[in-house]
Each structure stands twice: as structure tokens, then as C-alpha cells.
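**Q** I would like the entire structure built from these sequences, with the hints used as guidance.
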Amino acid sequence: MEHVNGITYFAAADCTGHGVPGAMVSVVCSNALSKAVTEEGLSEPGKILDRAREIVVSSFARNGEDVKDGMDISFCKIDLENLKMEWAGANNPLWIFRKKTTAEKETEQNSQMITERSSEFKLMEIRGNIQPIGKIDNPKPFTTHLIDLQKGDSVYLITDGYADQFGGEKGKKLKSTNLKKLLMGMQHVPMNQQKERLLGAFLKWKSDFEQVDDVCIIGVRI
Numbered sequence: 001m002e003h004v005n006g007i008t009y010f011a012a013a014d015c016t017g018h019g020v021p022g023a024m025v026s027v028v029c030s031n032a033l034s035k036a037v038t039e040e041g042l043s044e045p046g047k048i049l050d051r052a053r054e055i056v057v058s059s060f061a062r063n064g065e066d067v068k069d070g071m072d073i074s075f076c077k078i079d080l081e082n083l084k085m086e087w088a089g090a091n092n093p094l095w096i097f098r099k100k101t102t103a104e105k106e107t108e109q110n111s112q113m114i115t116e117r118s119s120e121f122k123l124m125e126i127r128g129n130i131q132p133i134g135k136i137d138n139p140k141p142f143t144t145h146l147i148d149l150q151k152g153d154s155v156y157l158i159t160d161g162y163a164d165q166f167g168g169e170k171g172k173k174l175k176s177t178n179l180k181k182l183l184m185g186m187q188h189v190p191m192n193q194q195k196e197r198l199l200g201a202f203l204k205w206k207s208d209f210e211q212v213d214d215v216c217i218i219g220v221r222i
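FYI, the numbering for the sequence shown is 1 to 222, going by the numbering used here.
Read the hints as simulated data drawn from the structure, not as lab findings.
Fair warning: there could be bad hints in the mix.
List time: in silico BS3-like cross-link candidates among lysine-lysine, alpha-carbon distance up to 30 Å [to be verified]: (1) Lys140 with Lys100; (2) Lys99 with Lys180; (3) Lys122 with Lys181; (4) Lys206 with Lys173; (5) Lys84 with Lys68; (6) Lys68 with Lys99; (7) Lys84 with Lys105; (8) Lys204 with Lys173; (9) Lys140 with Lys35; (10) Lys195 with Lys175; (11) Lys172 with Lys68; (12) Lys105 with Lys175; (13) Lys175 with Lys122; (14) Lys173 with Lys135; (15) Lys204 with Lys175.
Pair by pair, the computed Cβ-Cβ distance ranges are [claimed, not checked]: (16) Ser58 with Gly185: 40 to 48 Å; (17) Pro190 with Ser58: 20 to 28 Å; (18) Ile130 with Glu54: 18 to 26 Å; (19) Ala103 with Lys47: 33 to 41 Å; (20) Ala103 with Glu169: 34 to 42 Å; (21) Ala61 with Lys122: 42 to 50 Å; (22) Gln150 with Asn5: 17 to 25 Å; (23) Lys100 with Ala61: 46 to 54 Å; (24) Ile218 with Thr177: 18 to 26 Å.
From the three backbone atoms N, C-alpha and C, an ideal C-beta is built for every residue, glycine too.
**A** See below:
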């Protein structure tokens, strides 16, 4: 997490690869992000990811290494004073839970298509670009999404480790749909309690299965 001129930058990232190569990729990617923000003064998330990719690719090329691994990331810039957020993602999404307006609730109640009443919250999902930070064919610029926040919004940056965990009675993946349902069901509780509930649900789901990946979920209530 970085604080620059009243703006907060933070990210949930996951580098592919294991052991020493994976650790090397993580260090290079982390340094690339820091360089882009603190040394080069870039502020737009999409351009920060573009620059990080350039640094990562050139770093490995300079060392004569053909590294196929890279980094998936959900990268956020928040101006809390003005309730503005900019976001960009490499493979990973952004989730925002927000209280429904009175009009939205009335529309739901009057709709004949609704068979299951949801909670008082709605989920807004923004998907990142389908490409990692790393060496790929035909790379494209990362998209910066501009979001107007509201007081009470809950913002989540996630990697795929939680949803990809095998478990349950049939030994299948939890999947992001069920993670969304878990988060939707705990929007009325503080963030520290959400952390405890998410951990408990994860351990219960995993049971005796081996953990398949690192798990990272960052939640921020505005």
C-alpha cells in the first residue's frame, strides 16, 4: 500500500510460478509497481500496469532469461476525500457491494421475473483485462476504470486462490459465485468480522484437502 499526495494505492496480486523462480517474479513485479508509482510519478492505474509490464519484461530480457511466468493483479487508486476511485486489473476483477436505492428495491418487488429476493445490497463487478503482467504475444494497454464511490460501499480486491480451493462433500472448487454469496451475506458486519467469517468458511470448505494456492482478499469499507 502506498500513500501519495493524499491518494491511496493498493493491490491484490498473485504471481505464477513456484519456488525460487516464483519468488523472483514476485520481487521483480513488486519493484516494478513501486518504481512506476513512487519514482516515475505515474498515477493512472492502467498506465502503471503498462509500465510495470515493460519493466518486468525488460528486466528478464536484460538478464537473458526466458521467463514465462507473470503477475495477475487488481490495482486500485482511491481518493477518499472526494470519493473517487480508479482501477485496473490484469485477469483479476474488482467487486463493489453497495446498498440498493429505494427505487431499485421497488423495481425488484414489482418485477415478475424475480424468483428469489436478494439482500438489501447489490454487487457491481468490473472485470480486468484478460492478460497478465509479463511477456505475452500481442499485449494490449490496460484499461483504467473510473468509479464514483458512495459512503458505505465495500470494495474487494481478490486473487483466485479462495475461489479455486477444492473442498466440500464432492471435492470440487468453491468458485467465485459462492464467494460472492459469502460476501453478500456478511455486508451487515464490520470488516474485521468479515475476515474471521471468510477464514472460517474457507477452512470448513477445505477440510482435509490440500490448499492449492495462496489466498488474498482485501476488503475496504468506504
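**Q** Now tell me if each hint is right for this structure.
**A** Now for the hints, and whether the structure bears them out:
Restraint check for lysine 140 and lysine 100: not satisfied, since their Cα atoms lie roughly 35 Å apart, outside the 30 Å limit. Proposed proximity of lysine 99 and lysine 180 is supported: the alpha carbons are some 15 Å apart, at most 30 Å. Of the supplied pair hints, the one linking lysine 122 and lysine 181 holds, its CA atoms being roughly 11 Å apart against a limit of 30 Å. This hinted pair checks out: lysine 206 and lysine 173 have alpha carbons roughly 9 Å apart, not beyond 30 Å.
The hinted pair formed by lysine 84 and lysine 68 fails the criterion: a straight-line CA distance of about 35 Å is larger than 30 Å. Restraint check: the Cα-Cα separation between lysine 68 and lysine 99 comes to about 42 Å, which exceeds 30 Å; the hinted pair is violated. At most 30 Å may separate the alpha-carbon atoms for a hinted pair to count; lysine 84 and lysine 105 meet this at roughly 25 Å. A distance of roughly 13 Å separates the Cα atoms of lysine 204 and lysine 173; the hinted pair therefore holds under the 30 Å criterion.
Note on lysine 140 and lysine 35: the hinted pairing holds, with a Cα-Cα distance of about 21 Å set against a maximum of 30 Å. Between lysine 195 and lysine 175 the alpha-carbon distance is near 18 Å, which keeps this suggested pair within the 30 Å criterion. Between lysine 172 and lysine 68 the CA atoms are separated by roughly 28 Å; this keeps the pair inside 30 Å, and the hint holds. The straight-line distance between the Cα atoms of lysine 105 and lysine 175 is roughly 28 Å, inside the 30 Å bound, and the hint therefore holds.
Straight-line distance between C-alpha atoms of lysine 175 and lysine 122 comes to about 19 Å, which keeps the hinted pair within the 30 Å bound. Restraint check for lysine 173 and lysine 135: satisfied, since their Cα atoms lie roughly 29 Å apart, inside the 30 Å limit. As the CA atoms of lysine 204 and lysine 175 are separated by approximately 15 Å, the hinted pair is consistent with the 30 Å bound. A C-beta distance of roughly 45 Å is found between serine 58 and glycine 185, which places it inside the suggested range of 40 to 48 Å.
Checked against the hint of 20 to 28 Å, the pair proline 190 and serine 58 fails, with Cβ atoms roughly 44 Å apart. Under the hint 18 to 26 Å, the C-beta atoms of isoleucine 130 and glutamate 54, about 19 Å apart, fit the expected range. Take alanine 103 and lysine 47: their Cβ atoms lie about 37 Å apart, and the range 33 to 41 Å holds. A hinted range of 34 to 42 Å holds for the C-beta pair alanine 103 and glutamate 169, which are about 41 Å apart.
Remark: the range hint 42 to 50 Å for alanine 61 to lysine 122 is upheld by a beta-carbon distance near 45 Å. A hinted range of 17 to 25 Å holds for the C-beta pair glutamine 150 and asparagine 5, which are about 23 Å apart. With their beta carbons about 50 Å apart, lysine 100 and alanine 61 fall inside the hinted range of 46 to 54 Å. The supplied range of 18 to 26 Å is met by isoleucine 218 and threonine 177, whose beta-carbon atoms lie about 20 Å from each other.
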